[in-house]
Amino acid sequence: MRPALLALLLAAPLAAQQAPVVPRAGMVITTSTRFQPGRYRLPARDTTPILTIRGDSLDVDLTGVILEGGDPAGPPDGFQGTALRIEGGTRVTVRGATLRGYKVAVLARGTHDLTLTGNDASHNWKPRLHSVVEHESLVDWLYYHHNEQDEWLRYGAGFYLVDVTGGSLSGNTVRQGMNGLLLVRSTKLEIWNNDFSFLSGVGIGLYRASYNRIRHNRVDYCVRGSSYGFYQRGQDSAALLMFEQSSHNVVAYNSMTHGGDGLFLWAGQSTMDGGLGGSNDNLFLANDFSHAPTNGMEATFSRNRFIANRVWGSTHGLWGGYSYGSWIVGNDFRDNRIAIAIEHGQDNHVVGNDFRGDTTAIRLWWNPIEPSDWGYPRYRDTRSRDWDIAGNRFTRTRVALRAEATTGMVLAGNVLEAVDTARALKGDSTGLEVDTAGYSAQRGRAQGLVRGAWDAAPQRADGQLPFLADDARRGRQTIIVDEWGPYDWQSPKLWPAGRRDGNPLRLQVLGPAGRWRVVGRRGVATLSATEGAMGDTLVVTPRSDATSDWAVELEYRGARTVSPRGVVREAGQPVRFRYAHFQPLGAWRVKVVAWDSTSDPRSDTTAFQARLAGPALVEPPPQPLEWMWYRPTVTGIPLERWGAHAETDVKLPGGRYVLRAISDDGIRVWLDGRLVIDRWAPHESIVDEVPLSGGRHRLRVEYYQVDGWTELQVLVARAAD
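Sequential numbering from 621 applies to the sequence shown in the numbering used here.
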């Protein structure tokens, strides 16, 4: 018997026979090891991981081991370091670990035949979000477009794999963090039966990662930037992100619902610059991409197959800008604003799909002016042309096909039922062919394509079916995003039923089935009820002298709960939860001026100061400084080139506070006459914070806006919050 094969056969038995080892910070593992079960507080405060694995044919068994990098009750954006790093090696297995309180739970580089099974990397690093119920903050937008230098690591991850070839990830869990599994230049991995859900970034992310098989995973509610009834932005969060030449992957039988996007696929910057390549020849088969605030599936500048997927209740079912040679076959589109939206698409096939209740089923168009900084249009034909649209069924759809400047469309054997408008055409539609016969033949064609995909990527015999049950909670209205990410419905929560400034304020009582009762209140005049059932709406009227600072606390009894920080309470145990309203900065006195090249704050602060001291362009009524817009919402403020001077006084109870400013373009803040925030160079939305004590304070703000997005927020929060 060859030595390598003998080592592989002996690895697991040897690990099981060894006496268990107690983990310690900085440990390097070079042999198969079984660790002593227990909870270990092991902070990682520098670049050295807690555990490092080096070698071949290793089985590292961490079953029953919990490594904590920080206080589980602490703010998640304070977690740092790496729990476990795998350096190279072949045939390495890590099983059973629970890793929480780190920036990255597992980091693997250059490993061949890696197995990660049964690990829980939940409750690790994630950022505080600054979007609120009524409006988003651009601070929260993500940027995954470059990762040649591991830029993604700034966002943390449950599992981060670089240059890994071959292996399996199964039965792993990442919840209540930011990112689940990130693959960088990693290939030929089998990723199945995992749960990467309720994350504020990306469930699974690929960068230059190809030939992987992603099947039978639950990747739901990976979302931010969504507030039902107010805005649906997603902010580039996604259940599945595939960027920069990620090709030949199979994505099948996954539940990827309620993500910012369900799928977010982009060819990559190299394609945008030179027109070559793309994230091509991926198969998306029998997945559920429903209930995305933005796009159930987004795939751009690439060639792929989308077969037998479900996309319900999203803004767009498939946004496929510049897609070419793609097959969209046998999918179930329902109740989307636009089911398929593709500009500059070419040689695509839309065959045997069902469209039901979509406002527009298919929208195709061409823009005569494309971005001047893109290389792609200089190297590629980008006309909207040559479409095969056949054997589709359109039911209760306002417009079946809306096309602008799109040529070579062949429509064959489509069926329309209760459709207001069959075709809305504008511009050049040369080559349009319409044949209303042949529906059965075209559906048979689609069924053959679906069967071929199923044969090429069958279900695993041991694969879970992760899809939401028919009676499960679903829909974009179930997406609740607070300052730490998506709410997972595993614990009780009070959440505004509308705007936060309502008086009285209506609060939804959310969570598992059970009962609640009021156990505490502060600054509250009346409550609509003092007990009830989960799902109720509680109406709170604050006292007239406490409208800026009040709280109500409830107690829940019912099912087993898991808090957002991972605290478990068994069924029947009491769980307290609260809602607090604290907005001590009320009305600011604001003066707005216009500036020009003679008083440009970027180059001549003295002249700008003189402009601020001069006549006002407008003096808005006293109001909170929560200004966010592309177009001004305060009467009299121009679209660009304006500045503001604002002052307010505040009296805070004893305690510790944070003065927080979010700005775009330039800001200075004075506290009691002392400059404490000086971010005067033009910048995109960014957060600045300084500590603040109780007592009386005077605040002064100077701000300027050049053009584009305006964001000016100044607030005070309790340090504990």
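No lab work stands behind these hints, which were simulated from the structure alone.
Check before you lean on any hint, since a few could be wrong.
Unchecked claim - Each computed SDA-like pair below joins lysine to any residue, with the alpha-carbon atoms no more than 20 Å apart: (1) Lys-1271 <-> Asp-1165; (2) Lys-1211 <-> Ile-1257; (3) Lys-1046 <-> Glu-990; (4) Lys-1271 <-> Val-1254; (5) Lys-808 <-> Val-782; (6) Lys-1271 <-> Ile-1306; (7) Lys-808 <-> Asn-900; (8) Lys-1211 <-> Leu-1259; (9) Lys-808 <-> Arg-833; (10) Lys-1271 <-> Gly-1206; (11) Lys-1271 <-> Pro-1311; (12) Lys-1211 <-> Asp-1269; (13) Lys-1211 <-> Gly-1256; (14) Lys-1211 <-> Arg-1288; (15) Lys-808 <-> Asp-733; (16) Lys-1211 <-> Val-1254; (17) Lys-1271 <-> Gly-1256; (18) Lys-1211 <-> Leu-1291.
Claimed, not checked - If you anchor each label on the Cβ, the simulated ranges turn out as follows: (19) Arg-1189 <-> Ser-1164: 33 to 41 Å; (20) Arg-1251 <-> Val-1138: 37 to 45 Å; (21) Ala-1200 <-> Pro-1258: 35 to 43 Å; (22) Pro-1241 <-> Pro-1194: 41 to 49 Å; (23) Thr-683 <-> Tyr-831: 16 to 24 Å; (24) Glu-1304 <-> Ser-1148: 21 to 29 Å.
Bear in mind that the values here come from a model prediction, so they are computed numbers and not experimental data.
Glycine included, every Cβ here is placed at the ideal spot set by N, Cα and C.
Evaluate the given range 41 to 49 Å for the C-beta pair formed by Pro-1241 and Pro-1194. 46 Å, holds
Is Lys-808 close enough to Asp-733, meaning Cα to Cα at most 20 Å? 9 Å, holds
Regarding the pair Lys-1211 and Ile-1257, is the alpha-carbon distance no greater than 20 Å? 10 Å, holds
Between Lys-1211 and Val-1254, is the straight-line Cα distance small enough, at 20 Å or below? The given pair, whose Cα atoms are some 12 Å apart, holds under the 20 Å limit.
Is the distance from the Cβ of Ala-1200 to the Cβ of Pro-1258 consistent with 35 to 43 Å? Holds: the Cβ-Cβ distance is about 37 Å, inside 35 to 43 Å.
CA of Lys-1211 to CA of Gly-1256, is that 20 Å or under? 11 Å, holds
In this structure, is the beta-carbon distance linking Glu-1304 and Ser-1148 contained in 21 to 29 Å? Check failed, 42 Å falls outside 21 to 29 Å.
Holds or violated: Lys-1271 and Pro-1311, Cα atoms, limit 20 Å. 15 Å, holds
Is it true that the CA of Lys-808 sits at most 20 Å from the CA of Asn-900? Given pair Lys-808, Asn-900 holds - Cα atoms ~16 Å apart, limit 20 Å.
With 16 to 24 Å as the target window, see if Thr-683 and Tyr-831 comply at their CB atoms. 31 Å, violated
So the hint says 37 to 45 Å: do the beta-carbon atoms of Arg-1251 and Val-1138 match that? 43 Å, holds
Satisfaction of hint between Leu-1291 and Lys-1211, Cα-Cα up to 20 Å: 18 Å, holds
Hint violations for this structure: numbers 4, 6, 17, 23, 24, all remaining hints satisfied.
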